[in-house]
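Here the structure of chain A is known, so what remains is to put chain B in place on it, guided by the hints.
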Amino acid sequence: MTSALGRSDQDTQIGTKALLETLPVAVIVVNKALQIRMVNAAAEQLLGLSAGFLMRQNLNDMVHEDAALISLIHQVFRQGQSIAEYGLSLAGPKISPQRIDVQITPILEDDSHLVISLQECSMARQMDRQLAQGRAARSVAGLAAVLAHEIKNPLSGIRGAAQLLEQSASDQDRELTQLICMESDRIRNLVDRMELFSDERPLQRGPVNIHDVLGHVRKLAMTGFAKDIVFQEHYDPSLPSVFGNRDQLIQVFLNLVKNSSEATRLSQGEIVLETSYKHSVLISVAGSRDRLQLPIVVAVRDNGSGIPEELTQSIFEPFVTTKTRGTGLGLSLVAKIVEDHGGIIELVSEPGQTVFSVFLPAHPRSHGEVLVDDLER
Amino acid sequence: MAAKILVADDDRSIRTVIGRALGRLGHHVRSTSRARDLWNWVSNGEGDLVITDAVMPDENGLDLVLRIKKVRPNLPIIVMSAKTTFLTAIEANQRGAYEYLPKPFDLNELINVVERAISIPQLKTNENDAPLVEAEENLTLIGRSPAMQEVYRVV
Chain A
1 MTSALGRSDQ DTQIGTKALL ETLPVAVIVV NKALQIRMVN AAAEQLLGLS AGFLMRQNLN
61 DMVHEDAALI SLIHQVFRQG QSIAEYGLSL AGPKISPQRI DVQITPILED DSHLVISLQE
121 CSMARQMDRQ LAQGRAARSV AGLAAVLAHE IKNPLSGIRG AAQLLEQSAS DQDRELTQLI
181 CMESDRIRNL VDRMELFSDE RPLQRGPVNI HDVLGHVRKL AMTGFAKDIV FQEHYDPSLP
241 SVFGNRDQLI QVFLNLVKNS SEATRLSQGE IVLETSYKHS VLISVAGSRD RLQLPIVVAV
301 RDNGSGIPEE LTQSIFEPFV TTKTRGTGLG LSLVAKIVED HGGIIELVSE PGQTVFSVFL
361 PAHPRSHGEV LVDDLER
Chain B
1 MAAKILVADD DRSIRTVIGR ALGRLGHHVR STSRARDLWN WVSNGEGDLV ITDAVMPDEN
61 GLDLVLRIKK VRPNLPIIVM SAKTTFLTAI EANQRGAYEY LPKPFDLNEL INVVERAISI
121 PQLKTNENDA PLVEAEENLT LIGRSPAMQE VYRVV
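Protein chains in written order, with my numbering: chain A, 1 to 377; chain B, 1 to 155.
Hint data in this document are derived by calculation from the structure and do not stem from the laboratory. Careful: at least some of the hints might be erroneous.
Lysine to aspartate or glutamate pairs mimicking DMTMM-like chemistry, simulated, CA-CA at most 25 Å apart [what the hints assert, rightly or not]:
id, chain 1, residue 1, chain 2, residue 2
1, B, Lys83, A, Asp247
2, A, Lys94, A, Glu109
3, B, Lys83, A, Glu150
4, B, Lys83, A, Asp185
5, A, Lys227, A, Glu270
6, B, Lys83, A, Glu270
7, A, Lys278, A, Asp236
8, A, Lys94, A, Glu120
9, A, Lys278, A, Glu85
10, B, Lys70, B, Glu46
11, A, Lys17, A, Asp110
12, B, Lys83, A, Glu109
13, B, Lys69, B, Glu115
14, A, Lys219, A, Asp247
15, B, Lys83, A, Glu183
16, A, Lys17, A, Glu166
17, A, Lys32, A, Glu44
18, A, Lys258, A, Glu150
Simulated restraints, written as ranges between beta carbons of each label pair [stated by the list, open to error]:
id, chain 1, residue 1, chain 2, residue 2, range
19, B, Leu66, A, Pro351, 55 to 63 Å
20, A, Val355, B, Ile120, 51 to 59 Å
21, A, Asn209, B, Ser119, 27 to 35 Å
We treat Cβ as the ideally placed atom computed from N, Cα and C, and that holds for glycine.
Looking at chain A on its own, in the form it has when it is part of the complex (with noise of 0.2 Å):
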């Protein structure tokens, strides 16, 4: 503290600890030897450990040896620079593993300490979490092309004996025959759907307008399922075009504003489409050294029942859904067709407001930005 005001400077330096303790960002502080100086309540939340036992240790004993943390800390000592990275894996001999979304800053009149700032890594869980829908739907896929052969096939035999029997059958016995009928239809419907899961083409991609997208999709919607909806589009209209498949992604937004409009059945149905450029999103992929950067979010918001919250986590996953009619199957082709771009959903919903966020790549040329860095760093 460099305050030229001699009282209120000891007023100012009670108040940052107590600051530090509220903060939720987890703050620790290291001395060259990687010694831990100073830890913060979020800290000991964070690595589980408290604050007596953290303030003894070596950051080196703490965290496995080939940690990224430690040589961006030495990298950091070396520059004199802060470096923000995301979706790192923290773990070590007392701590379990996760994805940590780190911040390390050097101190201007110090250069023998600096500051770590943690934070569990939202964006990476998301990451995590969408890869693993993908693979749900993934092995659907392998399964619904296997079904929809093996399914059909016997379904039409069956249909057509019904149909045979029903030339010669009395009227009661018409409703019997009928209602193999209907419900071999209803069988194959199902089929039909999980069939979607099984298009494994390579994705066709290129420069699309999304507000194109979603004014068709709007068109659509509103001439169908959701007459009754009022509508409302509030879009950033220097958006680049998204990289990607304009087919799919009407696909995707068709089933996000039919989702909705299913939601809004029992209030005022309102939908809101909203497109936003957001610069500094970059996201490790895991397994790889790629950060992809997705600035084209577009958010489905409506004014519905909204989804509880014991099945937000597992909302994308096939079969599952919170309508008596579906099949539970729209919302997990929606996170397949998302994940085939690359992209990420995010769900936020409370009763009154549902919000599906997707997260888009923008096409290359459309852009002057690299969007795949793979350069270490």
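Frame of chain A; chain B shown alone:
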């Protein structure tokens, strides 16, 4: 008009159903589980109509359509498939199939298609006349699920 109809499908229940249904209408049905038999019959000049599955153990039904059309361009072929993709339908039509039926089919619909096919005395001579091709545009993924087709139809 009684016709001789050749059926190829590796699923026995389907052969039974089609055989009975068309037999009741007075047609003579000959059926097999193998593409090879169908090819032999057709190249011997047998049959007024072919009903074939798109997927058979010994040959792709769509390739077979192409071969049959080369030797007997006027023989109508109905292609059935358990893969309900627009691409299969489009491909079948581009190769000269008379009609495409997704499985499971409605028996009455099958009968209608069969009656239509055999009542045309001289089937279209221009094989490149593919009636379904225009459906390809814009329908790639969106048209695939029944719900989406419903949506699409309203536009």
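Holds or violated: Lys278 (chain A) to Asp236 (chain A), with C-alpha atoms at most 25 Å apart: 11 Å, holds
Between the beta carbons of Asn209 (chain A) and Ser119 (chain B), is the distance compatible with 27 to 35 Å? 49 Å, violated
Hinted pair Lys83 (chain B) and Asp247 (chain A), Cα distance within 25 Å: 20 Å, holds
Under the criterion that the straight-line Cα-Cα distance not exceed 25 Å, is the pair Lys17 (chain A), Glu166 (chain A) satisfied? 84 Å, violated
Straight-line alpha-carbon gap Lys83 (chain B) to Glu183 (chain A), limit 25 Å: Holds, at about 20 Å.
Sort out whether Glu270 (chain A) lies within 25 Å of Lys83 (chain B), counting only the CA atoms. Violated. Lys83 (chain B) to Glu270 (chain A) sits at ~38 Å, over the 25 Å cutoff.
Check the hint pairing Lys83 (chain B) with Asp185 (chain A) against an upper bound of 25 Å on the C-alpha distance. Status holds; Cα separation ~15 Å.
Run the distance test for Lys94 (chain A) versus Glu120 (chain A): straight-line Cα separation, threshold 25 Å. 17 Å, holds
Against the 25 Å threshold, does the CA-CA distance of Lys32 (chain A) and Glu44 (chain A) hold or violate the hint? Given pair Lys32 (chain A), Glu44 (chain A) holds - Cα atoms ~21 Å apart, limit 25 Å.
Take the C-beta atom of Val355 (chain A) and the C-beta atom of Ile120 (chain B), compute their distance, and say whether it sits inside 51 to 59 Å. 56 Å, holds
Does Lys227 (chain A) pair with Glu270 (chain A) here, judged by a C-alpha cut-off of 25 Å? 11 Å, holds
Taking only the CA atoms, is the gap from Lys17 (chain A) to Asp110 (chain A) under or equal to 25 Å? 18 Å, holds
In the structure shown, a violation is registered for the earlier hints numbered 2, 6, 12, 16, 18 and 21, in ascending order.
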